[in-house]
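Please work from the sequences and hints to get the whole structure.
There are 2 protein chains.
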Amino acid sequence: MNDIQIRSKIWLEVDGEPFLGGGRLRLLRAIAATGSINAASQQLGISYRKAWSQLQEMEKHGIPLVEREKGGCGGGRSIITPQARELLSKFDDVQEGLHEMIDDKFDQVFKPDRN
Amino acid sequence: MNDIQIRSKIWLEVDGEPFLGGGRLRLLRAIAATGSINAASQQLGISYRKAWSQLQEMEKHGIPLVEREKGGCGGGRSIITPQARELLSKFDDVQEGLHEMIDDKFDQVFKPDRN
DNA sequence: TGATGGTTGTGCGAAATCTGCATAACGCTT
DNA sequence: AAGCGTTATGCAGATTTCGCACAACCATCA
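Respectively, the protein sequence lines represent chains A and B.
Each residue of the first sequence is one higher than the last, beginning at 125 in my numbering.
Each residue of the second sequence is one higher than the last, beginning at 125 in my numbering.
The set of hints was computed from the structure by calculation and includes no laboratory data.
Wrong hints could be hidden among the right ones.
Here are the simulated DSSO-like pairs of lysine-lysine, each with C-alpha atoms no more than 27 Å apart in a straight line [as the list claims (entries may be wrong)]: (1) K184/A with K194/A; (2) K194/B with K229/A; (3) K184/A with K235/B; (4) K133/B with K235/A; (5) K229/A with K229/B; (6) K133/B with K174/A.
For each label pair, taking beta carbons as the anchor points, the in silico distance ranges come out as [to be verified]: (7) H223/A with E210/B: 34 to 42 Å; (8) G146/B with D127/A: 18 to 26 Å; (9) H223/B with H185/A: 38 to 46 Å; (10) E224/A with P206/B: 26 to 34 Å; (11) R173/B with Y172/A: 33 to 41 Å; (12) A163/B with D216/A: 38 to 46 Å; (13) P236/B with R173/A: 57 to 65 Å; (14) D237/A with M225/B: 20 to 28 Å.
Facing chain A, from chain B, some residues (calculated, C-beta under 7 Å) [said to hold, decoys possible]: (15) W135; (16) V138; (17) L168; (18) I204; (19) V218.
Keep in mind that this is a model prediction, so the values were computed, not measured.
C-beta atoms are modelled at their ideal positions from N, C-alpha and C, and glycine is treated no differently.
Structure (structure tokens):
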């Protein structure tokens, strides 16, 4: 059998459209860590434009996630809101151990015992 | 809080690219049920072109999934291979109960007790 | 006080992807 | 040999994604 593997993902939806998944989660984390959308996008290897678009998509449902300031000391900065922090934490709680569990189940079903 | 919900999916990859997920699974099932790619695509509400492309993507890794005949009685027909049948079965085994489990965990974490 | 620097914000054309129409190939059936 | 319903596929149009280029902003500092 070819080298076959399982992948899995979870994400949140609001009003039936994507709200928060793995990629956007990493983005918010990077913004929290760097204090800048620009620095975060570079860290993740995506364009600023893309990061900004993702934030737009997330926030269009009315939940404020990032507070931005343009101009000023350092040119500007961005920090994530307490609500965003809580979301990240809860998302982690749900995701915790999930991939491992699924990988295990995959091995059980797809990889015959070597006895 | 807005109406927020969780979604989840699993899929198989071969050589690092998508091989079998929910959509292609339904396609193979529909082909098995109808004996025809054309009928299957109509049943699923997708174009024949799209169904055919998905089969191409799946089979380009060398695992034969559908045996096709063009021309002949009825114009032609398609049946899925034993290997495809086995894949469907195993995929179900891995997926069984998964969505429910994730939904439960989501409720635990995101919906506070109403005491 | 005005020039500077680094960030956020955005329009728009290019690039890539997806979609499906149109048509060929095929081989039983009659 | 004509017809029929399926599989197979090229290709153009539609749609989405991508990212370059540039505007807006404001504390700092000369």
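Hints versus structure:
Note on K184/A and K194/A: the hinted pairing holds, with a Cα-Cα distance of about 20 Å set against a maximum of 27 Å. At most 27 Å may separate the alpha-carbon atoms for a hinted pair to count; K194/B and K229/A exceed this at roughly 39 Å. Distance hint between K184/A and K235/B is fulfilled; the C-alpha atoms sit about 22 Å from each other, no more than 27 Å. This hinted pair checks out: K133/B and K235/A have alpha carbons roughly 21 Å apart, not beyond 27 Å.
Pair hint K229/A plus K229/B holds up; C-alpha atoms about 18 Å apart against a cutoff of 27 Å. Restraint check for K133/B and K174/A: the C-alpha separation of about 24 Å stays at or below 27 Å, so the hint holds. Hint check: H223/A to E210/B, Cβ distance near 24 Å, so the stated range 34 to 42 Å is violated. Between G146/B and D127/A the beta carbons are some 22 Å apart, a value that agrees with the proposed interval 18 to 26 Å.
Taken as a hint, the range 38 to 46 Å is violated for the pair H223/B and H185/A, whose Cβ atoms sit roughly 23 Å apart. Hint check: E224/A to P206/B, Cβ distance near 31 Å, so the stated range 26 to 34 Å holds. Distance hint for R173/B and Y172/A: a CB-CB separation of about 37 Å, consistent with the stated range 33 to 41 Å. Between A163/B and D216/A the beta carbons are some 45 Å apart, a value that agrees with the proposed interval 38 to 46 Å.
For the pair P236/B and R173/A, the beta carbons lie near 38 Å from each other, so the given range of 57 to 65 Å is not met. Between D237/A and M225/B the Cβ separation comes to about 25 Å, which falls inside the hinted range of 20 to 28 Å. Given hint, W135/B at the interface with chain A, holds; its Cβ is 6 Å from that chain's nearest Cβ, closer than 7 Å. At its closest, the beta carbon of V138/B sits 5 Å from a beta carbon of chain A; the interface hint therefore holds under the 7 Å criterion.
Checking L168/B against chain A: minimum C-beta separation of about 21 Å lies over 7 Å; hint violated. Annotation: I204/B was flagged as interfacial toward chain A, and the flag is violated, the nearest CB pair being 17 Å apart, outside 7 Å. A hinted interface residue such as V218/B counts as satisfied when its beta carbon comes closer than 7 Å to some beta carbon of chain A; here the least separation is about 5 Å, so the hint holds.
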